[in-house]
Structure formats: C-alpha cells, structure tokens
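Novice: Protein chains in written order, with the UniProt record's numbering: chain A, 1 to 535; chain B, 1 to 243.
Just so you know, the hints here were simulated from the structure itself, not pulled from any lab data.
Beta carbons are placed, not taken as given, at the ideal position from N, Cα and C, and that holds for glycine.
Don't take every hint at face value.
Sample of chain B residues at the chain A side, in silico, Cβ under 7 Å [stated by the list, open to error]: (1) Leu69; (2) Ser135; (3) Gly182.
What follows is a list of derived Cβ distance ranges for each label pair [unchecked claim]: (4) Gly322(A) with Gln219(B): 37 to 47 Å; (5) Asp229(B) with Glu500(A): 50 to 60 Å; (6) Ala245(A) with Pro88(B): 42 to 52 Å; (7) Gly322(A) with Asn9(B): 31 to 41 Å; (8) Gly268(A) with Val139(B): 20 to 30 Å; (9) Asp229(B) with Leu284(A): 40 to 50 Å; (10) Gly180(B) with Ala245(A): 12 to 22 Å; (11) Arg20(B) with Trp321(A): 33 to 43 Å; (12) Arg11(B) with Trp321(A): 44 to 54 Å; (13) Gly354(A) with Thr193(B): 30 to 40 Å; (14) Asp489(A) with Val139(B): 25 to 35 Å; (15) Leu282(A) with Arg238(B): 36 to 46 Å; (16) Ser51(B) with Leu284(A): 22 to 32 Å; (17) Gln184(B) with Ser193(A): 37 to 47 Å.
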Amino acid sequence: MHLDDLAELAARHRAEETHEQEIRVCVAASCQSSGSLPVLEALKEACATQGNGRCKVKGVGCMGLCSAGPLVAVAERDAELNSSLLYRNVTPVDAPEILASLQGPPVERLRCPTDQPFFQQQVRIVLERSGLIDPESLPEAIVHGGYSALIQTITEMTPAEVIREVTASGLRGRGGAGYPTGLKWSTVAKMPSAQKYVICNADEGDPGAFMDRAVLESDPHRVLEGMAIAAYAIGASKGYIYVRAEYPLAVARLETAIRAARRAGFLGARVADTPFAFDIDLRLGAGAFVCGEETALMASIEGLRGQPRPRPPYPAESGLWGCPTLINNVETFANIAPIIRKGGAWFAQIGTEGSKGTKVFALAGRIKNTGLIEVPMGITLRAIIEEISGGIPDGKRFKAVQTGGPSGGCIPEQYLDTPVDYDSLKTLGTIMGSGGMIVIDETASMVDVARFFMEFCMSESCGKCIPCRTGTWQMHALLEKIARGAGTDEDLALLEELCEVVRAMSLCGLGQTAPNPVLSTLRYFRHEYEAKLRA
Amino acid sequence: MPLTAAQPNVRVVTLKIDNRDLSAREDETLLEVCREHQIPVPSLCYLEGLSLWAGCRLCMVELVGQNRLVAACSTRVAEGMVIQTDSPRLQRYRRTLVELLFAERNHVCSVCVSNGHCELQTLAQRLGVDHVRFSYRQVHYHLDSSHELFRLDHNRCILCTRCVRVCDEIEGAHAWDVMGRGGQCQIISDLATPWGESETCTSCGKCVQVCPTGALVKQGTSAGEMVKDQHFLPILARRRHAR
Numbered sequence: 001m002h003l004d005d006l007a008e009l010a011a012r013h014r015a016e017e018t019h020e021q022e023i024r025v026c027v028a029a030s031c032q033s034s035g036s037l038p039v040l041e042a043l044k045e046a047c048a049t050q051g052n053g054r055c056k057v058k059g060v061g062c063m064g065l066c067s068a069g070p071l072v073a074v075a076e077r078d079a080e081l082n083s084s085l086l087y088r089n090v091t092p093v094d095a096p097e098i099l100a101s102l103q104g105p106p107v108e109r110l111r112c113p114t115d116q117p118f119f120q121q122q123v124r125i126v127l128e129r130s131g132l133i134d135p136e137s138l139p140e141a142i143v144h145g146g147y148s149a150l151i152q153t154i155t156e157m158t159p160a161e162v163i164r165e166v167t168a169s170g171l172r173g174r175g176g177a178g179y180p181t182g183l184k185w186s187t188v189a190k191m192p193s194a195q196k197y198v199i200c201n202a203d204e205g206d207p208g209a210f211m212d213r214a215v216l217e218s219d220p221h222r223v224l225e226g227m228a229i230a231a232y233a234i235g236a237s238k239g240y241i242y243v244r245a246e247y248p249l250a251v252a253r254l255e256t257a258i259r260a261a262r263r264a265g266f267l268g269a270r271v272a273d274t275p276f277a278f279d280i281d282l283r284l285g286a287g288a289f290v291c292g293e294e295t296a297l298m299a300s301i302e303g304l305r306g307q308p309r310p311r312p313p314y315p316a317e318s319g320l321w322g323c324p325t326l327i328n329n330v331e332t333f334a335n336i337a338p339i340i341r342k343g344g345a346w347f348a349q350i351g352t353e354g355s356k357g358t359k360v361f362a363l364a365g366r367i368k369n370t371g372l373i374e375v376p377m378g379i380t381l382r383a384i385i386e387e388i389s390g391g392i393p394d395g396k397r398f399k400a401v402q403t404g405g406p407s408g409g410c411i412p413e414q415y416l417d418t419p420v421d422y423d424s425l426k427t428l429g430t431i432m433g434s435g436g437m438i439v440i441d442e443t444a445s446m447v448d449v450a451r452f453f454m455e456f457c458m459s460e461s462c463g464k465c466i467p468c469r470t471g472t473w474q475m476h477a478l479l480e481k482i483a484r485g486a487g488t489d490e491d492l493a494l495l496e497e498l499c500e501v502v503r504a505m506s507l508c509g510l511g512q513t514a515p516n517p518v519l520s521t522l523r524y525f526r527h528e529y530e531a532k533l534r535a
Numbered sequence: 001m002p003l004t005a006a007q008p009n010v011r012v013v014t015l016k017i018d019n020r021d022l023s024a025r026e027d028e029t030l031l032e033v034c035r036e037h038q039i040p041v042p043s044l045c046y047l048e049g050l051s052l053w054a055g056c057r058l059c060m061v062e063l064v065g066q067n068r069l070v071a072a073c074s075t076r077v078a079e080g081m082v083i084q085t086d087s088p089r090l091q092r093y094r095r096t097l098v099e100l101l102f103a104e105r106n107h108v109c110s111v112c113v114s115n116g117h118c119e120l121q122t123l124a125q126r127l128g129v130d131h132v133r134f135s136y137r138q139v140h141y142h143l144d145s146s147h148e149l150f151r152l153d154h155n156r157c158i159l160c161t162r163c164v165r166v167c168d169e170i171e172g173a174h175a176w177d178v179m180g181r182g183g184q185c186q187i188i189s190d191l192a193t194p195w196g197e198s199e200t201c202t203s204c205g206k207c208v209q210v211c212p213t214g215a216l217v218k219q220g221t222s223a224g225e226m227v228k229d230q231h232f233l234p235i236l237a238r239r240r241h242a243r
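This is chain B alone, in the form it adopts within the complex (with noise of 0.2 Å):
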C-alpha cells in the first residue's frame, strides 16, 4: 500500500496582487502576504505578533470587481483574488487619513525624541503629505513623566492600541487600556493614575519598542534619539503560542 502524505489542514490558493501572481495559505490575511512579498502596504495598527486592531484603516485595498474597499490586515485570502494595493484613489484616501491623524494632535516632528524613527513621519514621508488641509483640533494633552523610566507624551499618541495590546497579550500585565470614546479617546495606565503610580505596569517597556511615534519613549532621550526595537516581538509571540 502506497504512503499517502499527511493531509495538511490547510489548503494553497493563488490570487493577484498588484499583477503579480501570488500563493498563499488559504488562513493568511492579504496583509501577512503582502509583507511577505515585500509589497508596502501601509499600516499603522498592525504588528505581527499581536492581535488584530483594524482601527488604522491605512491598509485598505481595492478588491476588483467589488466597490466596497477591504481591510487587507482583517480579509482572508481567497482563490483567484484579484488585488489593487497601491491605485490613486487608496494613494489619495491615505494621505487624508494621515492628515487627518495630524490635525487631531501634536505632532511636531523637530522637536520630537522619535525624529527620524517614526512610523507615522515615514509613511507621511513616503505617501507626498507635505501640509495639512484640516484645522488643527488644539486639544492640550498632558505629559505623563511620573515614571522614572519611562515618558508617555499623549500629544503623540495616534490611539493604534499596539502598547495596550502588547502590555496584555505578550507582558500579561494589562497595565494600558482605552479611556472615553471619540476624540477623548486616551491612552491610560491602570484606572487612569500616573504611569509612575502604576501597581501593574512591570516597567519590561514593551509598550514602549512597539509604539510607532513618539508617545512612548524613554527618560532622558532628546530629539531624534528615541530608536525602538520591535524584532522581539514576533519571536516573543511565537514562543508563547508554540507553549
């Protein structure tokens, strides 16, 4: 009797994307493919390793054949997809979205610490924002240096929730959270109490790597100093599930 090869659980399907022919694991999101394959698909919520956000909304694509855009990071793969990541439409909706996350807040490159070192600079770099048409929404927000390591600036925080979901799923301190809705969204530690005060926080500054501006970062950096490490995470996360 001839060996059979063990059937996998999961099937291979071929799609395109940007006119390339692709294949994926029937389980892969567009976005896991895309980064796979080098194709830059802007995000500013996602990192491999940590649970699905979706709230960025940077990584919708154009799905041919359907009007409705799709969040590559949230969309399953599927056999004979047909995917446009990068059309002037997409290029046009992301440079508002990205003027819009700068009109809400403070986000003063010269004088940040993550000069040079922060996602949402790049991506308004790579995307050709060079000025802003909306009015700046002034809200005044606290600076929070109550802990002897760390800084949480929440003039530079863009709400992607990657320091709550890290803090949570990858350190198990659930320390960060969302408090208010709408534009009073704000980052908190515990119950709102300073980050210094903090009972859960175990200073690891997890949240810290993985945050894409300059929201968090450390004591004593001065501008443009502030570079993050974010390559423990998808092995950190691969541990943890293979335990």
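Bound-form chain A, shown alone (with noise of 0.2 Å):
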C-alpha cells in the first residue's frame, strides 16, 4: 500500500457519506458520565425524523471542556472545534431543538463560546483529532490523515531516517522524567537482537490525570500508528499496550481500533503489504501504580507479580523477557505521527529551547473549568490557571497548583509566571509528571494535601524495599498526627529525615518521589505544619 492507495481509501469513503453538517457529541468518558449517550441517542432520533438527509449524528472523543459536559458540537463536516457551535449541559431533551437549530438561529441557552481563552490558547497535536472524529471509526481517522505517517515511514524511510526525525523534534518522553524520545529510540535500535519489544504505557494511575485515558478513548488509532512506526524504526516486531483494566471504555475502544487496524491491513504479518511485520496485544493492569513503573510493568506484563527490580539493566538493553524493549507513554507516542508528517524541524518550533512541542494537561481542582487542554510548553502557569481554566470559583484566593501527582508538588502564587517546561518546573521543586494539574483554593490545608498523596504512596507501595513499604506508612502517620494537632517539633523533624531516607534509600521511582508532596508543602507552606504543632 502507498500513500495514494491510503488517500484513495479516504476519498472513497468521503463519497459514500453525502452529509454536509455534522452533530458530534462527546462520549469520552467524562461526558459519559453526565449522560451524553441517551444525548446521542435523542439527538439520531430527531436527525431521523426531523434531518434533511443532509446532517449526521456521531459520537466523537473529548472536546475538553469537561465541567460542561455533556458537550454537543454543530459544525459544518470536518470543521475544527474552535469554528464550531457548541453546546453545553445538553440533555436528550434538548436533541429537537438542536436539530430544529441546523436552519435557524443557534440556541442560545445552551451556548458554550468557542472563542473564550480554555479554547483558542490551546494548540493541538496529540489532540488534534480528538471530539472531531468518531473513535470506533478506522475510515474516519484515515480520512483525517491517519496510518499516512505509517505509510510513508516503511514506504519512503529508512529506520535511522525515522529515527532522526524523531531526534531532531526534540520530543521528550511525556511519561514524566522527560527522558529524549529520540536517544531512547537509537538505544534499543542500536541494540543487537532478533527479537525486540515495543511497550506503550497506558498504566496512568496518578490522583487528578486523565490525559492517557482521554487520547485512548479520543482517538486510538493514533497511539497504534505511534507504536507501529516505532517498531519500524528499533527493528521490533511485536507491541503491548499496558493499560488499566479500570479504563473499560479505553479498552474496549483499542481492542476495536486494533482489530480494525489489523483487518486493514496496518497491523499483522505485512503490514500495508511491506515485508515489515508488527502486531500489538492489549494487557489489563489489575490497577496496581507501581505497574507504571517500566521494570514493574514489564513483570506485570510476563505474567509475574507487579514488582520493580533495580536498573541497571535498563528495558533498553534487557526488557520484556530479556529482550531489548521500548517503552514509552500513551502520549509519547501519540506525537509521533504529526512528526513524521509534518517533519521534526516542525515540531522543534513549538514550545522552549528544552522542552519542545505540546503538552496534554488534565485540570482539576478548585477552578471554573476543569478538563483536558493541550498548550505549547512554555505557556505560564499564570496563563492556564487565570486564563485558560477561569480563574477560581466562588471568590477564593488561588493558593497553589500540584503538578506531577504523588512524585510532584506544590507551586505557589509567588512563582504563577514561570513558564510551564521540564526545567523550570524542576528548579521549583516539582515535575511535569504525566500532566495532572490540580489546583488548590484558600480553603484547604496543605498539611492536608502531603497526607493526601502520602496515603496514596502507602497503600500503592508495592511491599518489596524498606524505606518505601514502612517509611511511607510512618511518614503517613506522622502528618496523620501533625493534621490533627498533635504534632511536636520532634516529629516534623523525623518526618524531614524520613523524606530524606526514602529519597534515597527506595529501590525505584514511587518510594523516590513519594516524599516530594511533602518536601514541597515543606518548602513554601512550612507555616502552616508549623502552625499545627502542639506548642
């Protein structure tokens, strides 16, 4: 198959759908969960009976702006979400109204303006067809450029081609340590094996994160076409997705996409009929957070209990039962498509010198709109918590933003207009993590957060070191006592030694970061641990 065989396909299935309007309503999980499903329902039996033929109703993945949920779109086919009319807090009864509107004036009631900040200062890449196209559908993601980027790496590039392309985008891994997505790939290229690996880590299981989640559900035909042209480029031939069994509809939607994806001919023995073979299996998480751990998960995955073991070795050199293996996250992945279509110099533009292109952000928290955004890195925090999320509700004060979930921090006002980078978040004592933002009012104590995340490392520490299994608990116990005010100064001095122990005692990245909530709320809210002790 070649590239015109690829755009033939989509022509073809252009000229069999004759609709001119589009009604695309979000059945991600999030506006599931405010019941867009009867929405879509509702809405296909008014296009039935009230339609000219003329229109279509489809589900389509996350539009982003979750709070409003569910969200409708009426946009002429193929328009972009910015140049759409889109509803919000639409219920079934509401589906007459709406078709009724397609030759009228919008309704205006339901109204969500596109033209506010949360949806022109974002720049989309890895969702760039995510709430435009219908997830189930293969045909709809080709004729929206997908598997194009497939075609034309095994078609017209060489693997080192791939591969510098992908080095010279200056992609860091979105998984959280930003480890360069190009060494990684010419490492495990480099390696030599007959038998290789490529791992795509679904396992997101940090408090407040729905990135990975949301571009599976979005459009997962971009993750496999990611995972497809990696295998090409290091020489694997097989791929698993570890993805949490507590994601059902991510699930279902990638064992559809790759069945859909392997009758296509994109995946299997020849893939688009070149000698390049690659296929990929699905592996259920049973939700343990250490299974995002890449050593832990590649045990998970062989079948073993989910436990970390020290690295060196690293998966690059001896992985997946010993084999070279390449394990990247949902999002790393989904950035590789648009970077080999649109060229890595492309993708260098974007962002800082550091920390190159798009980032997927799930807000949470105490601001008025919640939700998935994807901006240029460099953007200010300022910029998405002011601007982009609306600023807080109900007149409070801003008081910090988390980032980076359990192994991140806190970020306080004074530092709002630092530039949202690998970096600089770093020096501010937290990380860009997978992307979680949670935002934190006045109201709440930041006691009450360290204990928070220090639960969650409790009870997600897998039990096999020390300092994490035990420290954890006793560190736990130690702000358990401190939030309720009986707390001494001799216990906040122990709770800043176990920080320090299980730092760097710990055998793998959860018991490592596991005291960072802590050390951050230490080091801008001292005073208010202090506060709390008993005099």
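Given two chains presented individually in distinct reference frames, assemble the corresponding complex, making use of the accompanying hints.
Specialist: Put into structure tokens, the structure is as follows:
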C-alpha cells in the first residue's frame, strides 16, 4: 500500500458519506458520566425524523471542557472545534431544538462560546482529531490523516531516518521523567537482537490525571500508528499496550481499533503489504500504581508479580523476557505521527529550548473549567490557571497548584509566571509528570494535601523495599498526627529525616519520589505545618 | 608460532573501596567484592546462591562523584570507581531503616527463639540502634504452627523473601510466595493455605535455614535455641549451576 492508495481509501469513504453538517456528541468517559449517551440517542432519533438527510449525528472523543459536559458540537463537515457551534450541559430533551437550529438561529441558552481562552489558547497536536472523529471508526481516522505517517515511514524512510526525525523534533518522554525520545529509540535500535518489543505505558494512575485515558478513548489509532512507527524504527515485531482495567472504555475502543487496524493491514504479518511485520496485544493491569514503573510493568506483562527490579540493566538493554524493549507513554506515541507527517523541525519550533512541542494537561481542582487541554510548552502557569481554566470560583483566592501527581509538588502563587517546561518545574521542586494539574484554593490545608498524597503512596507501595513499604507508612502516620494538631517539633524533624531516607534509599521511582509532595509543601508552606504543631 | 594464553571473557578492573585499592572481575557486583575482602556492608535480603532481590536497601553505598546512592548488591563494578561504604550519612540511613523494620512488626528479642542468632538483631547492635523513634504499627499477625517440623511467625518476618527464593530456585518447589502489597505484604505458602496443609512443601527446611530472623524456625525450639546453618546454600547453588 502506498500513500496514493490511502488517499484513495479516504476519498472513497468521503464519497460514501454525503452529509454536509455534523452533530458531534462527546462519548468519552467524562461526558458519558454526565449522560451523553442518551443525548446521542435522542439526537440520532431527532435527526431521523427532523433531518433533511444532509446532517449526521455521531459520537466523538473528548472536546476538553469536561466540566460543561455533555458537550455537543454542531459544525460543517470536517470543521474544527473552534469554528463549530458548541452546546453545553445538553440533555436529551434539547435534541429537537438543536436539530431545528440547523437551519435557524443557534439555541442561545445552551451555547458554550468557543472564543473563550479555554479553546483559543490551545495548540492541538496530540488532540488534533479528538472531538472531531468517531473513535470507533477507522475510515474516519484515515480521512483525517491516520496511518499516512506509518505508510510514509515504511515505504519511503529507513529506520535511521525515522529516528533522526524523532531526534530532531526534540520530543521528550511524556510519561513524567522527560527522557529524550530519539535517544531512547536509537539506544534500542542499536541493540543487536533478533527479538525486540515496543510497549505503550497506558497505566495512568496519578490522582487527578486522565490525559492518557482521554487520548485512548478519543483517538486510539494515533497511538497504534505511533507504536508501529516506533517498531519499524527500532526493529521490533511485537508490541504491548499495558492499560488499566479501570479504563473499560479505553480498553474497548483499543480492542476495536486493533481489530480494525489488523483487518485493514496496518498491523499484522505484512504491514501495508510491505515485509515489515508488527502486531499489538493488550495487557490489562489490575490497577497498581507501581505497574506504571517500567520494570514493574514488564514483570506484570510477563505474568509475574508487579514489582520493580533494580536498573541497570535498563529495558533498552534487557527488558521484556530479557529482550531489548522500548517503553513510551501514550502521549509520547501520540506525538509521533504528526512529527513524521510534518517533520521534526516543525515540531521543534513549538515550545521552549529544552522542552519542545505541546503538553496535554488534565485540569482539576478548584477552577471554573476543569477538563483536558493541550498547550505549547513554555506557556505560564498563570495563563493556564487564570485564563484557560477561568480562575478560581466563589471569589476564593488561589493558593497552590499541584503538578506531577504523587511524584510532584505544589507551586505557590509567587511562581505563577514560571513557564511550564521540564526544567523550570524541576527548579521549583516539582515535575511535569504525566500532566495532572490540581488547583488548590485558600480553603485547603497543605498538610492535608501532603497527607492525601502520602496515603496514596503508602497504599500503592508494592512492599518490596523497606524504605518505601514502611517509610511511607510512618510518614503518613506523622502527617496524620501533625494534621490533627497532636504533632511536636520532634515529629516534624522525624518527618523531614524520613523524607531524606525514603528518597535516597528506595528501589524505584515510586519510593524515591514519594516524599516530594511533603518536601514541596514544607518548602513553601512550612508555616502551615508549624501552626499545627502542639505548642 | 608462540602460544597465546586463552582470552578470558571478562576483564579485570581496579577500583577503590573505603580507600583500599582492589581488583575485581567486571561481572562482579560491589557487594561480592566487599564480601570477598571482608568489608562489612550490611544486607538482609542478599544471600550468595540466591537470585538478586535488592529489597532491603541496607547495602546502599556512596559512589564518589555522584550524589545518588547505589545498591552494592545490584551494581556492577567499573574501572576507576571510588566507593564509600560506611560514611556517617550511610550509617544514619541504615539505622533509620532498621528502626523502621523494628516498628513494622513485633521483634521482641527476649522472647524470640532466634535471640542471639538473628541477623536483624546483630545488625541493629552493630549499627547502634538502641531505641526506635517511630511509632509501632501494632498489627497482629498470625503464627502458623500447622507444619509438624517448622513454624512460621509473621510477626518476626522482614519480607526479605529469602525463603521464597530458596524454595523456588534451590529446592524447586515454589511453596512460598508473597501476598498483598505495601504494609499488607505477607509470606504465604501455596495459595495462602496453612503451611502444614501445603501440597508443594517438601519439608526440606531450606527456608528455615536461610531466614535471617525468627520468622521461620524449627518446632520445639525455645528462646535463643534456634541456630541456623546457611553454609549449604552456595555449595548447592554452584552444583546446580554446574549441572
């Protein structure tokens, strides 16, 4: 198969569909939970009776503004989200009215303006097709450019050229640590081995984070395509997606997508009629946070207890069943196809010197607009919190923003003008992480915030190493004691000492970073701890 | 034509541990080299002859020129390495780890059959742990006396998994495993059935001998009577490996 054949396939699908207007209903998990499926049904029904045959109602992926769901967009065919008419908090009762508005004025009482900063300040690369296409339809993905990058790589590029393009893009791993993706790929590519593996880490477990889930639910083919390109570049023939079983919708859509991709020849023994062979299997994780750590994840895929092992050897050298293995996060793979399509240099123009491209964030906490955004690296925290997320509701004051989940930390108000990139966040004592952002207002106690994250780490510790297993338990007990006003100066000193020991002595990333929420709240909000100490 | 010596597969490197110049094969770990030269690096999960676990973290050492500590049991030697095994910082960290272990379960030495022959006790004495600053977890664990020869006291267990590994790797029975996670971790026989009813246990007693504390002991031993013998392990492991 060549690019021409793909274009022909897309043209044929376009010709089959004659509609001019689309009514898109978000069917990702967040809108489903606020009742978008009955809305979809009602709209389909109304379309069948009221429609003139030139309109199509379809389910699409996440449109971002989850707090206003269920979201419905009315748009010209193929029109982008920003140029569509967006309706918020839609109920099935509104369906006839929405249909009637196709020829007349919009339904003002439901309107959600798309000219607000939430939509206008975003740059969508990973989410370019999210909210636009039906995630369960392969033809729709193809019409919007799906698999063209894969065909381009395997028919026109050498593996070395693919790696060069990814390296040139400056893309860094979106799972949290920010390791250069091109470097990782070239390391695995250079390993002499007949058998190599590609793993997509979709074990998203940070409290407040749902970026990977949204990508998988909204546009699964983009992840499959990225993985196939990676497999071609490093010489792997087998891939695994390790996804949490708590994401049933993502799992179902991935299964549908993998089946469709196999049937169409984008996966399998001869990918797109070339000698390149690559197939993907799903592995469901039982929901242990530690299984997001790459060595524990691989142990889990192998059918063993999900526990980390010491590194080195790194997976690039000895991974799944001892073979060289490439592990990347969902969002990292989702960036690959656009990089190949438009070139690494194009991608490198976006973002900052050390952090290229965009980042998807899950906005949660005390803000007006919660949901999913994709913004260029280097945007300030203030722009995200005050403009995009609409600020703090109920006239309360901003206190801190927690980034990076249990491995990250809190940033206070005086640093809101910091650009969001890997290195700046690190200097503030937190991390980008996979992209969770929890906004905290003045009513929250930072000791409680630290205690919450410590409780998470304590219950998610695998129990293999002593500092993490019992250190987090003790830290949680100390935080509990301090929070209820029974702590002493010695308790605080002991807590700080434990932070140091657990960080330095733990076996894997979970334990090594577990003290971070405590350390960062101590750094900026020490007075809150001290105020709670018993005199 | 002169005869050339057979090319060895591994090279020898030189490194400095605690200001001593030492040589080592490049496939050796720091802990192996330390043990060979009687440099006392503490460890509770490592045992020669068993696979690497790297869970107790007591063998962490300082690699000069690098801020992060490395585990001696899982770090290979390298040319020119400079290692500190006993700095004040390491001593402090190790003391804290031992305190954490004592606070996690019940380790009252005076009534323990392994009193005087316990690796945890010896280590605590060596590190100068004379009190525990942390609050005790006070979880009640069961005592499994269902086996006719041996006894398992979860209250004394430090989850080093030596028993799991020796049973799997040396005896080949895999009667032991770990259940649960975090603070709920517990050693189990078979699928959490009483040890005496285990269908896979061969009653070989290797687990009892390698256990560093009084968690696995012989029936009928009284306080201080349980002496363990681990000399068989490296010999057996080497024979298995050679075969």
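Novice: If a hint holds in the structure, say so; if it doesn't, say that too.
Specialist: Hints versus structure:
no. : hint                                 : in the structure
1   : Leu69                                : holds (5 Å)
2   : Ser135                               : holds (6 Å)
3   : Gly182                               : holds (4 Å)
4   : Gly322(A) with Gln219(B): 37 to 47 Å : holds (41 Å)
5   : Asp229(B) with Glu500(A): 50 to 60 Å : violated (38 Å)
6   : Ala245(A) with Pro88(B): 42 to 52 Å  : holds (47 Å)
7   : Gly322(A) with Asn9(B): 31 to 41 Å   : violated (19 Å)
8   : Gly268(A) with Val139(B): 20 to 30 Å : violated (52 Å)
9   : Asp229(B) with Leu284(A): 40 to 50 Å : holds (45 Å)
10  : Gly180(B) with Ala245(A): 12 to 22 Å : holds (19 Å)
11  : Arg20(B) with Trp321(A): 33 to 43 Å  : holds (39 Å)
12  : Arg11(B) with Trp321(A): 44 to 54 Å  : violated (28 Å)
13  : Gly354(A) with Thr193(B): 30 to 40 Å : violated (55 Å)
14  : Asp489(A) with Val139(B): 25 to 35 Å : holds (28 Å)
15  : Leu282(A) with Arg238(B): 36 to 46 Å : holds (42 Å)
16  : Ser51(B) with Leu284(A): 22 to 32 Å  : holds (28 Å)
17  : Gln184(B) with Ser193(A): 37 to 47 Å : holds (38 Å)
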